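Sequence order for the protein chains is A and B.
Using the numbering used here, read the first sequence as starting at 181 and increasing by one per residue.
Using the numbering used here, read the second sequence as starting at -12 and increasing by one per residue.
Derived from the structure by calculation, the hints contain no laboratory data.
The model shown is predicted, which means the values in this text are computed figures rather than measured ones.
Mixed in with the good hints there might be a few duds.
[Claimed, not checked] Now the stretches of chain A that chain B is said to cover, found in silico as 3 or more residues with beta-carbon under 8 Å:
id, region
1, 272 to 281
2, 304 to 311
3, 359 to 372
[As the list claims (entries may be wrong)] To be clear about the criterion: a stretch of chain B counts as covered by chain A if any three or more of its residues have a C-beta under 8 Å from a C-beta of chain A, and this derived list gives those stretches:
id, region
4, 114 to 127
5, 214 to 220
Here a beta-carbon is modelled for each residue, glycine too, at the ideal position from N, C-alpha and C.
Here is how the chains run, residue by residue.
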Amino acid sequence: MAVAVLAAVTAVVLGVLWLAQGPQRDDSPADFGAAPTAAAPGDAGRTPGTAPPSSAAEPAAVRQAAPARVLVPGVGLDAQVEGVGVTPRGDMTVPDDPAVAGWYRYGPAPGSPEGSAVLVGHLDSETGDLGEFAALRDVRAGDTVEVRRDGAEPVVYRVTARTTVPKDELPPSAFRRTGPPVLTLITCAPPFEPERGGYTANLVLTAEPVDALQAP
Amino acid sequence: MRSRFPVALAASTGACALALGAAAPAMAAPSAEQDTAMVSVVHGIPGMTVDVYANGDELLSGFEPGTVTEPQSLKAGSYDIQIFEAGQGPDGKPALEKTVEVGEGDAATVAAHLGADGTPQLTAFADDVSKVDAGKGRLTVRHIAAAPAVDVRAGGQPVFTGLTNPDEDSAVVDAGTVDADVVLAGTDTVAIGPAEVNVAEGAGTVVYAWGSAEDKNLALATQKFSGMDSMPKAVHAGGDGAAVSANSSAWAPGWAAAGGVVAVAGVLAARRFAGKRG
Chain A
181 MAVAVLAAVT
191 AVVLGVLWLA
201 QGPQRDDSPA
211 DFGAAPTAAA
221 PGDAGRTPGT
231 APPSSAAEPA
241 AVRQAAPARV
251 LVPGVGLDAQ
261 VEGVGVTPRG
271 DMTVPDDPAV
281 AGWYRYGPAP
291 GSPEGSAVLV
301 GHLDSETGDL
311 GEFAALRDVR
321 AGDTVEVRRD
331 GAEPVVYRVT
341 ARTTVPKDEL
351 PPSAFRRTGP
361 PVLTLITCAP
371 PFEPERGGYT
381 ANLVLTAEPV
391 DALQAP
Chain B
-12 MRSRFPVALA
-2 ASTGACALAL
8 GAAAPAMAAP
18 SAEQDTAMVS
28 VVHGIPGMTV
38 DVYANGDELL
48 SGFEPGTVTE
58 PQSLKAGSYD
68 IQIFEAGQGP
78 DGKPALEKTV
88 EVGEGDAATV
98 AAHLGADGTP
108 QLTAFADDVS
118 KVDAGKGRLT
128 VRHIAAAPAV
138 DVRAGGQPVF
148 TGLTNPDEDS
158 AVVDAGTVDA
168 DVVLAGTDTV
178 AIGPAEVNVA
188 EGAGTVVYAW
198 GSAEDKNLAL
208 ATQKFSGMDS
218 MPKAVHAGGD
228 GAAVSANSSA
238 WAPGWAAAGG
248 VVAVAGVLAA
258 RRFAGKRG
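With the sequences and hints as input, model every part of the structure.
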């Protein structure tokens, strides 16, 4: 217990030190907004084993164009995107190259009419490079996110929510495959605790389609 | 084909009712979902297009061999199922008849098929639609063909062995395309295939071996169940800490100012504390 208390105190002290240290960035955003989680109208009765309505019964890979590049002009984020799955341990695969983002190909693609399309990128690499997704820290509500796709028109989203959570408390809504369409951007966030494997939190940004008509 | 059909298909042998699952919890609160079951129908009798009736009402018409219906929501209860050659019902003699009972919350598939000896029959299977881990899919094989025991191989390696009509076997496997074939049990004599089977992630893929070995029309039919996905366990998207290092002062204060650092650290510490006590 003493260890836990010590850890808590240390964490708080470190946080305060960060606050007090170096040039202050008062313009950095705190968490904001709330990601949509409710099922879409008419979807409430869907249970496991039930086929999705109408054309949604087709395999996602068939009807969805894969994302190729993601841009957040407001913070200078511009990353190639490649499809990723899960590791043998069941964690989401993250591209080794911190300049490349991963799209969770088992879930919806950006531009999908329903569910959460997930893009992930490294905050920093094992070799000391900052990741392209490190810029997510400075994203604010209302910022535009553009996803360019293979064989389809780009889709544009607007950031509506940001949350910072312990790594093992990722909101399930980030990976939902039904309900309102959103784009979810995930990277790591402090605290950084090498003895616990590195960063112990995730930064999760939620963006909603600017124009629903742009969804296929 | 009508969109709603009651559940039970039954065999002409008559009175054997099939219970498709445990009774619903008596304590369950009433809701629209809790008095229904999800039911699919598969037709595995070669050469006969059929109409399906339930409790005297036509459910499916012109139902072709080798086809599988989508899961349909049906009110839980008992259904007298009759299968007629197309256009012969409902006043003629059904080719097959059976009473099937489905309980609240059940998922079931009723198969009209040939027994191992070639006699048409109806079999009800309970469908496992429980969640699978991220990256996985549930592969199920059901033997409903007039054929002896078989092994099912993926990439040449047996994954299900000694499967007999009308049994099934199932496994949760990595999602992806499997090159599958069906061989006579214990041999390399290929009975069906090879065929590519797409095991979809977060879903159930059920493969039926149907038809007749004697008539040389053995084939595969595939059924899909969606909505069984789980989220990944975690997203590890960090490296050596460069983003919060002293050499990256432009980053560290910003993170702190964002307010997330202290809050998250506090949560983590609190949970560790709770963990010690628990």
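Verification of the hints:
1. 272 to 281: holds (count 3)
2. 304 to 311: holds (count 8)
3. 359 to 372: As far as the region 359 to 372 of chain A goes, the hint holds, because 7 residues have Cβ atoms under 8 Å from chain B.
4. 114 to 127: holds (count 7)
5. 214 to 220: It holds: at least three residues are needed, and the region 214 to 220 of chain B offers 6 whose Cβ sits within less than 8 Å of chain A.
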